[in-house]
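Number of protein chains: 8
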Amino acid sequence: MSAKLKTQVAILMGSDTDLPVMMSCVRILEEFGVAYDIKVLSAHRTPTETVRYVKQAPGKGIRVFVAAAGGAAHLAGVIAGHTTYPVIGVPIESPSLKGLDSLLSTVQMPGGIPVGTMAIGKSGAKNAGIFAVEILALSNPTLAKKLGQYKKSMAQSVLAKNKSIKKKCRQY
Amino acid sequence: MSAKLKTQVAILMGSDTDLPVMMSCVRILEEFGVAYDIKVLSAHRTPTETVRYVKQAPGKGIRVFVAAAGGAAHLAGVIAGHTTYPVIGVPIESPSLKGLDSLLSTVQMPGGIPVGTMAIGKSGAKNAGIFAVEILALSNPTLAKKLGQYKKSMAQSVLAKNKSIKKKCRQY
Amino acid sequence: MSAKLKTQVAILMGSDTDLPVMMSCVRILEEFGVAYDIKVLSAHRTPTETVRYVKQAPGKGIRVFVAAAGGAAHLAGVIAGHTTYPVIGVPIESPSLKGLDSLLSTVQMPGGIPVGTMAIGKSGAKNAGIFAVEILALSNPTLAKKLGQYKKSMAQSVLAKNKSIKKKCRQY
Amino acid sequence: MSAKLKTQVAILMGSDTDLPVMMSCVRILEEFGVAYDIKVLSAHRTPTETVRYVKQAPGKGIRVFVAAAGGAAHLAGVIAGHTTYPVIGVPIESPSLKGLDSLLSTVQMPGGIPVGTMAIGKSGAKNAGIFAVEILALSNPTLAKKLGQYKKSMAQSVLAKNKSIKKKCRQY
Amino acid sequence: MSAKLKTQVAILMGSDTDLPVMMSCVRILEEFGVAYDIKVLSAHRTPTETVRYVKQAPGKGIRVFVAAAGGAAHLAGVIAGHTTYPVIGVPIESPSLKGLDSLLSTVQMPGGIPVGTMAIGKSGAKNAGIFAVEILALSNPTLAKKLGQYKKSMAQSVLAKNKSIKKKCRQY
Amino acid sequence: MSAKLKTQVAILMGSDTDLPVMMSCVRILEEFGVAYDIKVLSAHRTPTETVRYVKQAPGKGIRVFVAAAGGAAHLAGVIAGHTTYPVIGVPIESPSLKGLDSLLSTVQMPGGIPVGTMAIGKSGAKNAGIFAVEILALSNPTLAKKLGQYKKSMAQSVLAKNKSIKKKCRQY
Amino acid sequence: MSAKLKTQVAILMGSDTDLPVMMSCVRILEEFGVAYDIKVLSAHRTPTETVRYVKQAPGKGIRVFVAAAGGAAHLAGVIAGHTTYPVIGVPIESPSLKGLDSLLSTVQMPGGIPVGTMAIGKSGAKNAGIFAVEILALSNPTLAKKLGQYKKSMAQSVLAKNKSIKKKCRQY
Amino acid sequence: MSAKLKTQVAILMGSDTDLPVMMSCVRILEEFGVAYDIKVLSAHRTPTETVRYVKQAPGKGIRVFVAAAGGAAHLAGVIAGHTTYPVIGVPIESPSLKGLDSLLSTVQMPGGIPVGTMAIGKSGAKNAGIFAVEILALSNPTLAKKLGQYKKSMAQSVLAKNKSIKKKCRQY
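Chains as they are written, first to last, in our numbering: chain A, -4 to 167; chain B, -4 to 167; chain C, -4 to 167; chain D, -4 to 167; chain E, -4 to 167; chain F, -4 to 167; chain G, -4 to 167; chain H, -4 to 167.
Be aware that one or more of the hints could be misleading.
As the list claims (entries may be wrong) - Mimicking SDA-like on lysine to any residue, the simulated pairs with C-alpha atoms at most 20 Å apart in a straight line are:
hint, chain 1, residue 1, chain 2, residue 2
1, E, Lys158, G, Lys34
2, C, Lys146, D, Lys50
3, D, Lys141, D, Tyr31
4, E, Lys55, F, Ser134
5, F, Lys1, H, Lys161
6, E, Lys141, E, Lys55
7, C, Lys34, C, Lys50
8, F, Lys117, H, Lys1
9, B, Lys161, H, Lys161
10, B, Lys163, B, Gln151
11, B, Lys50, D, Asn157
12, F, Lys141, F, Arg22
For the record, the hints were derived by calculation from the structure and aren't laboratory data.
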């Protein structure tokens, strides 16, 4: 059980203003009982500390990195340059270009340095959590089982919407 | 050793014209000695066979899916809808919009159904292979070690370019 | 008359949050007296139920599908993969990319699997309803006549705006 | 049988340079035995003749319009303004913006005047033909049956690619 | 003098919701004493009336058309197809794509049918008015003189901002 | 007649590499018998000479400016800043962004300084010539008549394509 | 010391509405004790005064220009055409296209006339100030030292966020 | 004189395939007699060596960095994170998105870490060289004088094109 609580996922954010978005990732990890570490570490403003963290993370049990950044979003790529553990990128919506810059900066990585990129914003943050769980579940049957249940309950939740949909139509 | 040869990665392509691009993925898996299955299966033209394949894949040992498609690239998303194993998406360059459509169709997944998206085209195909290896390496120390060597040799290959760079400058 | 009330159009939405937009489609069908079925069914979260619905729909009288989804909007394409009845796609505006992703994911279908795509958002939802009526009107003279009247009254409504336009100018 | 040969689909192109692309539509209609009329008629250069053609088309048996244009692609919209028959739009790839302009000009129609828009270029042209057949098949069981066969043979053609895919991998 | 008051500019809008934007055009024409006609006429919803208006306009004195539309903005192009008088296009900001669709639909006209396109929204509406005046001023020395004064007063208005700019800096 | 030969249109290009594109403008002016001046003058590399030319142009008879530039295409805007004569902008296709940069830099002018913008590339260059003729024709009945004939012959040329279109279909 | 207070940076804005954004630049210069001049000068509305200012600026001590403009943002390019001092461009967010037009108009300069372009909006304005300081610091050891301290304090400020990040997580 | 030959500019490229583009920068520096160092160093593949180089560069005389990269172009940003010397970014055209990704990844830097970004491709590479010279010229009167001469000869070269432009027109 203590093994389960060992931090396995690191959530790094370029700025603490990314936290409201990344809470969608945090909640998934908590729902699945995956211990995580969460840090504000910038590829540009704290490059040395970022690299040090990435280098030391495996020693603490980290097996998957989730990196969130906006604009010229280099954080995921910089992490991927320093590790061979899977790096999941979450492009944060930026003020003017609405995350198109964040997405392209995160996903268009050169051959050799992959970043598994998620959708812009909250959906992406949530999916980063689920994707991390999917990766960990490959060697953790409990997580695998939970994922199956999660998928089923998600389907049921969608189907349940149909009970009231005709009534809702009449309400508009 | 037979375990090592058990197919662990499934490479699915929406069209056989995606093969030249996806060879960059194939070569990585072969280089790392990861056994793979490769199939042409379309989300739109063979939806039933695609779903059947995805459902049966874990039974054959598949633990990671790589899906390549262009245009309204739904293949990775459709696979992700039917599995809780990690799905890696490779957006293929499309004739008119050059893969912007493929990228957005692959990456902008709704909350609950993650696709780890790579860059458009060959770099993305190559990185899909490496990312799959990174995931498998979490429970395979041999792969983990090879990844470390791969990263080092990649760095050396870049640094080696510097020997001739000044000479090349004079040649232009 | 009972034949007229037989459901002929299926409106499927990827999420119940799409309902306010799709009400523009619902209202057109009600205005033209076309019976419809409306369901929340996701290409990704309820793929099995979605396919089952599409397969069974013709048996209930459905002749035209309207599919609304946002982001990596795969719903219309997935439906089109499982039917030879006309599928009309409505791209829903997405939070960050404002529906550009939804539009490209819906319209850029590969050869063989058409989706008749409408504009992003409410105009598209309304037009999906009208387009469905236009298709049904080919074998329903009553609908055809109503369409002619609708077009005329639309023109009159535009022209009527001109009575007060000069006065409005002075009000600004 | 003569009824089957009555022209039911009108293919209009803004320029004769669109013909190589629209041949993908022509071939589908010929494969399905749907008689068609094909014309070069521009929304801008021959507006009067375009409107006259659209007005007279139903009298000749036309039930579906396919309109292809590039750049500020107004042809489909102009046709839709003058008819209540279904109009299918094919955005042609343009020289500089590669059809993004053609797509947006075709699909972003205001409420009231739908254009069922297909993908940019050849895939879209092919799908315009299939979509027209899907519409006509609603009241033509022979066409409906052929569509089912077409879909099956399309799937078989995809699946057949898998026989040689591993061999092809070795050839690269 | 009565000649001066003869309507010389026609402002056509695809929808009366475009009026708040087009007031920037109206005000310029009123400031320069150029008589105008303003109409809501849609390329799609009132195509016949639009063409009739364009054909009859020169007889009423109209020498320049200003056309405002959003989304698949065909109005300016349709007018240009029916006249050899200068047509100025104003792309109206659209709900989802923010006028990129309106701009491309207006400006990317095929060879032979020019539309002098302005910026998206209010700046474009204002400039449409000024551009119309510039055209009319070629044969109207009074307007030409007013344009010179307008340009000077615009410069003075900008330069006047500098008196208080340092104070404003301190206020933030 | 000498009046007719007085140069009335100035074609300015940011670079002599724009000439092949701008020949489409030159040919229109020659076809209509409008005398023109053509110059390579850059907003950035020869700013002083550009302004001097613009200031002196009206004295030589110039009444309309056509400005062609690519990338950060400032030429038309800079000219418009120094004149109250109509300025027509032609965005030249740029190497990487294919003229999207040129288009936005030309058309998105601030309120007060209009540039009548044409399509990107050759169509835009041709239309710049026609638009200049349309402006000049307002006070030149001969040009106005020629424009009417040009429009008719353009329509006939489109309609003539229909004679061979069915044959062409069979040739593919 | 008086030398230090000599104005070395000129901040030019196309409109006084750009001031709230450019205050981020002003504050940096004040924080570093760099004297600046700030002016509203438009490339289009006050072209003559803009050029005069640029020509005279070096005589007053100006060594770096910062230019802010939106839409068809020509100001930085026009300045760069008249000086060989470094010009830093700040694209201001525009109403419809959100600064994509401003960015491309500023950055896509032709060979020979560089503009060092910053991000769209406030981040770009702030960075323009820092970049100007970096340039001046090359011959000013005091500024160089301050830059080092600024960078350190920026890192510390990021790292300090980590103290409360876990608590913040619990607050959502 | 030896001081003049001390390397003052570092040109770093993410890949040696960027060299043909960056030769436009090299040639400018050679033309101005500015000594430079040129290296292939990747933000992702050789992150440690890149940081080491940046840290040691000032000790060798480097005062300005030029960084060229394509796709998720992080090189300039990573350098800027480790230095307070001016960093000039050159976005390299990428295979699918043609440098839009490279541009946004380079220019959209967060507040605090400026990168002076140039145009995509060769024009940008050339301008990076000139911009570096402009910066160095602030404390080097010889370079300043050369810049003035360069600007003049550039203008003369443009003006010289006008001698043959009318002849060229006739040749087309």
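Would the hint linking Lys141/E and Lys55/E be met if the CA-CA limit is 20 Å?
violated (24 Å)
Keeping to a limit of 20 Å between CA atoms, is the pair of Lys163/B and Gln151/B held or broken?
Distance ~19 Å between Lys163/B and Gln151/B Cα, so the pair holds.
Straight-line Cα separation of Lys141/F and Arg22/F no greater than 20 Å?
Holds. Lys141/F to Arg22/F sits at ~15 Å (cutoff 20 Å).
For a C-alpha distance cap of 20 Å, please report whether Lys50/B and Asn157/D respect it.
holds (18 Å)
Has the given pair, Lys146/C with Lys50/D, been kept, meaning a C-alpha gap of at most 20 Å?
holds (14 Å)
For the pair supplied as a hint, Lys161/B and Lys161/H, is the alpha-carbon distance within the 20 Å limit?
Distance ~43 Å between Lys161/B and Lys161/H Cα, so the pair is violated.
Distance restraint between Lys117/F and Lys1/H, which requires alpha-carbon spacing of 20 Å or less:
Status violated; Cα separation ~49 Å.
Under the criterion that the straight-line Cα-Cα distance not exceed 20 Å, is the pair Lys55/E, Ser134/F satisfied?
Measuring from Cα to Cα gives roughly 16 Å; hence the hint holds.
Need the status of pair Lys158/E, Lys34/G: alpha-carbon distance at most 20 Å?
holds (9 Å)
If you draw a straight line from the CA of Lys34/C to the CA of Lys50/C, is it 20 Å or shorter?
The hint holds at about 14 Å.
Holds or violated: Lys1/F to Lys161/H, with C-alpha atoms at most 20 Å apart:
holds (16 Å)
Has the given pair, Lys141/D with Tyr31/D, been kept, meaning a C-alpha gap of at most 20 Å?
Roughly 18 Å between the alpha carbons, so the hint for Lys141/D and Tyr31/D holds.
When the structure is compared with the earlier hints, violations turn up for hints 6, 8 and 9 and for no others.
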